[in-house]
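Chemist: In order, the protein sequence lines correspond to chains B and V.
Residue numbers for the first sequence, in this note's numbering: 1 to 253.
Residue numbers for the second sequence, in this note's numbering: 1 to 264.
Just so you know, the hints here were simulated from the structure itself, not pulled from any lab data.
Ideal Cβ placement from N, Cα and C applies to all residues, glycine included.
What you were told as hints is all true, and nothing was included just to trick you.
Computed beta-carbon distance windows for the label pairs:
id: 1; chain 1: V; residue 1: 252; chain 2: B; residue 2: 33; range: 35 to 45 Å
id: 2; chain 1: B; residue 1: 6; chain 2: V; residue 2: 158; range: 41 to 51 Å
id: 3; chain 1: B; residue 1: 80; chain 2: V; residue 2: 142; range: 55 to 65 Å
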Amino acid sequence: MSRSVSRRRLMTAGLAGAGGAAGLAVAAKLASRYGLIPPDWGGIYGPGETLTYACQHILTAHHSHAREFNRSEISKVAQVSGDPPRKALYQRLAARGFAEWRLAVDGMVARPASFSLAELKLFPSRTQITEQTCEEGWSFIAEWTGVPLAHIMNLVGVLPQTKYAAFFPFDEAWDSLDMQDAWHPQTLVAYAMNGQDLPAEHGAPVRLKVPRQLGYKSVKYLARITFTDTLKQFGKGLGSSSPEYGYSWYAGI
Amino acid sequence: MRKESESQPALSIAVIQSPHLGMADSVYIPGLAVGSPDFSIAPRHSAVVRVTHWIATLSFIGLLVSGIGILLAHPRFYWGETGGLGTPSIFDLPLPFMLGGPSGWGRYLHFESAWVCVLNGLLYVAAGFASRHFQKDLAPRKREFKWAAMWRAVASHLRFERFGEESALSYNLLQRIAYLGVIFLLFPLMIWTGLAMSPAVTSVFPALVTVLGGHQCARTIHFFGTIALLLFVLVHIAMVWRAGFWRRAGAMITGRLAVGKESL
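Bound-form chain B, shown alone (with noise of 0.2 Å):
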């Protein structure tokens, strides 16, 4: 009996492998045809940051919005990480109050452009007051100004093929956002925080904000944004500089 029972037990558990290895094949296909596989899904913490990216990716699939304070709750100091970039190129743009620096905007669009600091003033904006969360812990909240990403992806004519926005900054951390959150509307090309021109340590000239993500994906110090239908081609082809340095590439944790 005892033998009958074993064989009965090995069948079944190699059915249920075999279906549970199909079942993860076809669950991979599906996922990656609907964009739920962040860049840095290899290694041993693949699994846990796929599954993440995944469910917050379905879960704000519609639009919701970063909670939003009153001017009351603006905190008083805002914490800094990281200092300016200290590339000649960009101090001498500082030096001149950025009156000659143009952000590009190029890759999977139909017309390329770049804009000065003065042009995208001139563009619709919005203000919005959100709560920074750095991934060390500490949070501060400030009102930004700026151009909505989405303002400036139908400017240029985004492809629709294109599954990433780029950016590129003056220092080596770049990062990048899926489709979802760089049509959002809260993800903003901010020029002022706190009513105020961006301060060079909040990342002068511009930078972008992405309030439903940790204070990293917020780029600071912006050159250029690249669309692109593949990350692979940059850096190491993880989707930003972050995973390099140990940080996952998704941060709405």
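Following the hints, position chain V against chain B.
Modeler: Okay, now just chain V, sitting in the frame of chain B:
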């Protein structure tokens, strides 16, 4: 039936108190006493309980180590919505600020361990209800809800009394309260306060964080929840140690426990 069982010899305890009839290994026939006449082998933990116990152990270690890694980036706590350097804290841990270090892999490991912990926990809870493990073995019994019984349980722990052999096969009141509290209060609180720190999740469910009083409240409560879990684990290990570590840990691996007849 259970009431009688505690004063019965081990063999009948094995039969009557077997919490997982039908769930244990099919090779093993529950209640059947084998071995030398000095002891009998009693079924103790079901396969689901054993497997989920050790997966939970691994994921807890992962969560704890990575949680400390994340904490080291900013070992300072605040109350309310916001907080950072230059604003008043409610307490500072005497630890160094380690920037650009363990909080990176810490986050990767924390969320991977959290997924393992949550999925494993869901399996455990579903199986626990389906097999009536919670209702039969963990829900405090009515007669224990008397003050005298509660006091006796607390006093016997405080006096460090030797555990009776019946403790090997059943849970006492304090164990029941501790286990149920960890499973149904502390773990949900940790998941809640963890999700309340996610800007993506709170964009969909803002009440998760607003009812706690803000982002920094969620972080601080998450920290105290960790302390509570850590205390539970330390007391749990100490109690298992007192009861005979290898014998009890062995029961959580094999599912069976040798129960001496003489000691009853």
